[in-house]
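Here are the chains, one letter per residue:
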Amino acid sequence: MNAKSRLSPAQVERRHKIELSVSLVLYAIVLVGSIEFLKQEPPAAARIALALAPVVPIVLVIWSSFRHITSVDELQRRIHTESLAIAAGGTAFFGLTYSFLEGDAGFPHLPAWWAWVSIGFIWAVASLVLRRHYR
Amino acid sequence: MRNRLHVLRAERRWTQAELAARLNVSRQTINAIETEKYDPSLPLAFSMARLFNLQIEDIFCPESGIEEKAS
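In order, the protein sequence lines correspond to chains A and B.
With numbering that gives the first Met the number 0 applied, the first sequence covers 0 to 134.
With numbering that gives the first Met the number 0 applied, the second sequence covers 0 to 70.
Isolated chain B (complex conformation) (with noise of 0.2 angstroms):
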């Protein structure tokens, strides 16, 4: 799955660190989501978009649909 949290993230000024801490998590988890190496659950990723003030489909998207909007 595609995300923008770095981008989101870099907007606020914000560390990795700062970003994991303000979530409860690690920041490797951050990282992790970051590099796309890893999918958040649910729960997270609504924390995520309720602490960005945002949807849950404006920081993540399936490939799928990134290739679909491309085309």
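One chain only, chain A, in its complex shape (with noise of 0.2 angstroms):
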């Protein structure tokens, strides 16, 4: 049930949804504005001012991600914390996995951002998945 909101389920996917969006727009914006501001090779306060400017809409988006699960209903919760457990679990055994590719047989070294797109990925298919199994 829906304890936290009185908003209907489709309400709260359309407030979601316009949420998400503003937000992704916001951090596009911001970070081809850090890009092109960075390539003028601003003074160091500001590069890292610059660099961290986009981690301002991201938070945006975890806020909302946040706010959505808390609102929908009991089942549509379910499924997010499970896809979110093992989104972190799935990431936590690749970071583990690669960092000894890495360290002992000479892979590439991944950028930390990896983190980010692999706890997405995992989420986003194991919502599938789930979202198919309660069907």
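For the record, the hints were derived by calculation from the structure and aren't laboratory data.
Note that the structure is predicted; figures quoted are calculated from it, not measured.
There may be inaccurate statements among the hints.
Negatives, chain A to chain B, calculated, CB over 10 angstroms [said to hold, decoys possible]:
{"no.": "1", "residue": "Ser-20"}
{"no.": "2", "residue": "Ser-22"}
{"no.": "3", "residue": "Ala-44"}
{"no.": "4", "residue": "Arg-46"}
{"no.": "5", "residue": "Phe-65"}
{"no.": "6", "residue": "Gly-94"}
{"no.": "7", "residue": "Pro-107"}
{"no.": "8", "residue": "His-108"}
{"no.": "9", "residue": "Trp-113"}
Now the stretches of chain B that chain A is said to cover, found in silico as 3 or more residues with beta-carbon under 8 angstroms [what the hints assert, rightly or not]:
{"no.": "10", "segment": "14-23"}
{"no.": "11", "segment": "31-43"}
Just so it is clear, CB atoms sit at the ideal spot from N, CA and C, and this is done for glycine as well.
Dock the two chains into a complex; use the hints.
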């Protein structure tokens, strides 16, 4: 049951789509702006601020996702939390496995943002599989 | 857990979407409960009982309870 929200499931989904879209558009704008300003080789302090600027809209993405998970009905929340647990476990496993390959077998270094991609990808796939299971 | 949700809903000629709207959950949740792939929380089970004007045990029954009744 949707205890926290008086909105209907359809209204919750619509609100999440709007919030997520706005956050992602904002992220793209800030990211492009940040890259353009960094090309002009600003001073060190400004470089740090510019490099961190895209993190602000990402906080909005995380906040929007958290608000969505706490607003959906109980089955949808179960699907999301199980998918997130699978994504966290899968990313930890992948990260550990790859660190051995990187350290001992000469595999190329992967940047830290790959964890974000891995969590997002596994979360999406696990959600799809679990949704089919409960259909 | 076994349940009679499908029968109770059919008696009232409600679609899954109509029942879902009355309980403020998604249609998928109703379907998952009816097909016994998902057991609802106590608050949702109480809401269902209130909606059908029944006791929770009139709608839901543990598997062992059904076996005991059958034997």
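Checked hints:
1. No Cβ of chain B approaches the Cβ of A/Ser-20 within 10 angstroms, the least distance being about 21 angstroms, so the stated non-interface status holds.
2. At the 10 angstroms boundary, the C-beta of A/Ser-22 stays outside the reach of chain B, the nearest C-beta of that chain being 23 angstroms off.
3. Remark: the non-interface label on A/Ala-44 is consistent with the geometry, its nearest Cβ contact in chain B lying 49 angstroms away (cut-off 10 angstroms).
4. Residue-level check passed: A/Arg-46 sits 46 angstroms from the nearest beta carbon of chain B, beyond 10 angstroms.
5. Its beta-carbon lying about 19 angstroms from the closest one in chain B, A/Phe-65 satisfies the requirement of being farther than 10 angstroms from that chain.
6. The claim that A/Gly-94 is not at the interface with chain B holds, since no C-beta of that chain comes within 10 angstroms of its own (minimum 32 angstroms).
7. Here A/Pro-107 stays apart from chain B, with its beta-carbon at least about 42 angstroms from theirs, past the 10 angstroms limit.
8. Its beta-carbon lying about 42 angstroms from the closest one in chain B, A/His-108 satisfies the requirement of being farther than 10 angstroms from that chain.
9. No Cβ of chain B approaches the Cβ of A/Trp-113 within 10 angstroms, the least distance being about 32 angstroms, so the stated non-interface status holds.
10. Requiring three or more residues with a Cβ within less than 8 angstroms of a Cβ of chain A, the coverage given for the segment 14-23 of chain B holds, as 4 such residues are present.
11. Counting residues of the segment 31-43 of chain B whose beta carbon lies closer than 8 angstroms to any beta carbon of chain A gives 7, which meets the minimum of three for the stated coverage.
In the structure shown, no violation is registered for any of the earlier numbered hints.
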